[in-house]
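Take a look at the letters that make up each chain.
Protein chains: 2
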Amino acid sequence: MRIVVLAGGIGGARFLRGLKQAVGPGADITVIGNTGDDIHLFGLKVCPDLDTVMYTLGGGIHEEQGWGRSEETYAVKSELKAYGVGPEWFGLGDKDFATHIVRTQMLGAGYPLSAVTEALCDRWQPGVRLIPMSDDRVETHVLIEEPDAEAGQGGRKAVHFQEFWVKLHASVPALGIIPVGAETAKPAPGVLEALAQADVIILPPSNPVVSVGTILAVPGIRAAVAGASAPVVGLSPIIGGAPVRGMADKVLAAVGVETSAAAVARHYGGRAAADGGRGTGLLDGWLVDESDAAAVAEVEAAGIPCRAVPLWMTDLDTTAAMARAALALAEEVRRA
Amino acid sequence: MRIVVLAGGIGGARFLRGLKQAVGPGADITVIGNTGDDIHLFGLKVCPDLDTVMYTLGGGIHEEQGWGRSEETYAVKSELKAYGVGPEWFGLGDKDFATHIVRTQMLGAGYPLSAVTEALCDRWQPGVRLIPMSDDRVETHVLIEEPDAEAGQGGRKAVHFQEFWVKLHASVPALGIIPVGAETAKPAPGVLEALAQADVIILPPSNPVVSVGTILAVPGIRAAVAGASAPVVGLSPIIGGAPVRGMADKVLAAVGVETSAAAVARHYGGRAAADGGRGTGLLDGWLVDESDAAAVAEVEAAGIPCRAVPLWMTDLDTTAAMARAALALAEEVRRA
Chain W
1 MRIVVLAGGI GGARFLRGLK QAVGPGADIT VIGNTGDDIH LFGLKVCPDL DTVMYTLGGG
61 IHEEQGWGRS EETYAVKSEL KAYGVGPEWF GLGDKDFATH IVRTQMLGAG YPLSAVTEAL
121 CDRWQPGVRL IPMSDDRVET HVLIEEPDAE AGQGGRKAVH FQEFWVKLHA SVPALGIIPV
181 GAETAKPAPG VLEALAQADV IILPPSNPVV SVGTILAVPG IRAAVAGASA PVVGLSPIIG
241 GAPVRGMADK VLAAVGVETS AAAVARHYGG RAAADGGRGT GLLDGWLVDE SDAAAVAEVE
301 AAGIPCRAVP LWMTDLDTTA AMARAALALA EEVRRA
Chain C
337 MRIVVLAGGI GGARFLRGLK QAVGPGADIT VIGNTGDDIH LFGLKVCPDL DTVMYTLGGG
397 IHEEQGWGRS EETYAVKSEL KAYGVGPEWF GLGDKDFATH IVRTQMLGAG YPLSAVTEAL
457 CDRWQPGVRL IPMSDDRVET HVLIEEPDAE AGQGGRKAVH FQEFWVKLHA SVPALGIIPV
517 GAETAKPAPG VLEALAQADV IILPPSNPVV SVGTILAVPG IRAAVAGASA PVVGLSPIIG
577 GAPVRGMADK VLAAVGVETS AAAVARHYGG RAAADGGRGT GLLDGWLVDE SDAAAVAEVE
637 AAGIPCRAVP LWMTDLDTTA AMARAALALA EEVRRA
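Taken in sequence, the protein lines are chains W and C. Reading the first sequence from the start, the letters are residues 1 to 336 in this note's numbering. Reading the second sequence from the start, the letters are residues 337 to 672 in this note's numbering.
Calculated from the structure, these hints are not laboratory results. Everything numeric in this text was worked out from a predicted model, so none of it was measured. Even for Gly, the Cβ is constructed at its ideal location relative to N, Cα and C. Treat the hints with care, since some could be wrong.
Okay, the calculated bits of chain C under chain W, using three or more residues with CB under 8 Å as the criterion [said to hold, decoys possible]: (1) 372-380; (2) 418-425; (3) 436-443.
One chain only, chain W, in its complex shape (with noise of 0.2 Å):
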């Protein structure tokens, strides 16, 4: 069975972790990664999702932190810092520095991407082909509110993605997401065949904006996954009206989509309408947690088939659940 996910960082990750472990040693899955969150720091190339998906399945991630490397040092930032280069808010440790160093050199030489990313995979053996959605660059902004202080008035600036997550913890409010860059790039070779190639697609419970929504951005994804002859199905990120991890709520604000379960399966919207007719949106299927198992109906009025099974991520096993859940579901909607 051939699995496609769309994936972003820990989440993503995590979940794919149990994928591995519900269908076994056997299984086709094909990553699509999330690269809006890649940035330029130190001269360096950046791929924090790529890295989580392909540190975790390969063994190499630090378990609590969710990103980066286990076992990590800080000679490199400790130096930078030294020399008064920054920024400091984000922890690149030595090991990690090692992956961004291999990377930049081989795009540098004029390896694409999806090149580099199999390049690195090859000692991480993550047991899934990880492709980035698009081998062009393309940086998620967000736009936040600039307090002009010498004329009293609000302005507003786009900073990178990373800047409002990781600098100013979604402190503040976003008020728009700005794909940068998305509307002329191109999906990755291999990601739209893969998707018209998929037996089921799912859609983790990564962050429905940043994450999924930065894949679905770039021209061709949409339409492909929307067109797939396969079931899609996606798992809720928010559980009892928050994120299960991070901050999506801050940015489901900012597109205007409220924190809930049910919220999320609108936006992502319904293959089939309400009505038993073709709908416009993306799902066949869709998972929320059973402490929300009021939002099933309200979900399935969308015309979105839905059940409520436990999805916090506890551990392993609970994850590989979660997956056999996401199948079955697959399943049940194929047959339909």
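Based on the hints, put chain C in the right spot on chain W.
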């Protein structure tokens, strides 16, 4: 007193530390640094000689090793190896990597190497003005024999100086030294001005071929030294027929110069001819080690005033004494 020193790596850096002690804190020392050793590794610009001077004078050097940072760690290098990315033979530590990352980022942003070096020195405060010989890329290559296994015939190939020096440990004969790019390189801003305005110019006991020789290979620098109003005094890097440190004999052979204190002096040549007329060389004075006292007459016969003094840089005090001897000889020949 304005002192200009043409310096290579370890030998030059250690001499400079002695010179600083000899002349005290008010000294005006400009160092023209060799960049022919520079190499691109892992996509980063590495300047071994500039860094050795900077780290040594700034208190960051690995004392026993003579190059690289003290209390260094090697997480990045170990990770690069795990990625299968080489070369492994060049030992870059984590702290050192930070220097190369900052340098490469600044070069990528358009700053010339001289401005980058100034920025790096802003942290290290070496107490001298360190200028690369050129902002243009110059790379010393070494011509070596390449046995042709198939034909049974020997060929030749040029390898980067660092490959010859660090990887091969100069274990094969150097058939020629090629400062690639030197012929079209321009002296960095400040180099010619410093030489013109100098009160004393010193050639420290650096490698006369691949350190000082490379600096002199940049068009305009040799003429500026030869035409300077200041006395030019050198210190022999050869004691008792062998290099004080390193493998200078290997590259002296490549340029047809005997490994002796007198031969190196004749290689640089005297500014005054033996008959007291105008010579075609660089030196107004030459210091040999006291164990080479027999060479004094030979050097003076070539028109170069010569003194025998202790030249082993065993500690800071003896090195400072060497610097004082060089300055004393400069005063002596200036009066003459």
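Results for each hint:
Using a Cβ-Cβ cut-off of 8 Å, 3 residues of the segment 372-380 of chain C lie near chain W, which meets the minimum of three, so the contact claim holds. With 4 residues having a Cβ less than 8 Å from any Cβ of chain W, the segment 418-425 of chain C passes the three-residue criterion, so the hint holds. Using a Cβ-Cβ cut-off of 8 Å, 4 residues of the segment 436-443 of chain C lie near chain W, which meets the minimum of three, so the contact claim holds.
Every hint from the earlier list agrees with this structure, and none is contradicted.
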